[in-house]
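Turn these sequences into a full structure, and let the hints guide you.
Under the numbering used here, the first residue of the sequence shown carries the number 1113, and numbering increases by one thereafter.
FYI, nobody ran anything at the bench for these hints, they're computed from the structure. Some hints could be false.
Said to hold, decoys possible - Below, a list of computed lysine-lysine pairs in the DSS-like style, where the Cα atoms sit at most 25 angstroms apart:
| hint | residue 1 | residue 2 |
| --- | --- | --- |
| 1 | Lys1141 | Lys1117 |
| 2 | Lys1182 | Lys1203 |
| 3 | Lys1131 | Lys1141 |
| 4 | Lys1131 | Lys1117 |
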Amino acid sequence: MNAIKISCPNGHRIQASNKLVGRTLPCPKCQQPVTVPQASATALSDTGVMRILGEVAPLPPAPERIPDSKRVCPRCHRANSASLSVCPHCKCYVGLAPNFLNSLSETSTRPTAK
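Laid out in structure tokens, this is it:
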């Protein structure tokens, strides 16, 4: 038996036989009148979905990859990717110094001992 799943106005879920399509029946729980609609259409196939969506523009070409530059670790002297900020071998910080540190080292003058 193919059943059609519907809801009454109060939200009760009901299953009705295909033989009852178009008839108005009372809900078994609340007695509100419910009309049994036509069974829903079958699911679309993949081909049907593609026809609805239409033609798809081709993807733009991938950007050219820039070769990964290397940075030498000051502690273990191994070459690492420049995108790394910590050496994976010795865990030493190999990233660039933040701008505020660069400005401090350029402008600071150490007092001389007398």
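Hints, verified against the model:
1. Lys1141 / Lys1117: 15 angstroms, holds
2. Lys1182 / Lys1203: Given that 25 angstroms is the threshold and the Cα spacing comes to 16 angstroms, the pair holds.
3. Lys1131 / Lys1141: Holds, because 21 angstroms separates the two Cα atoms, which is no more than 25 angstroms.
4. Lys1131 / Lys1117: 13 angstroms, holds
Hint compliance for this structure: no hint is broken.
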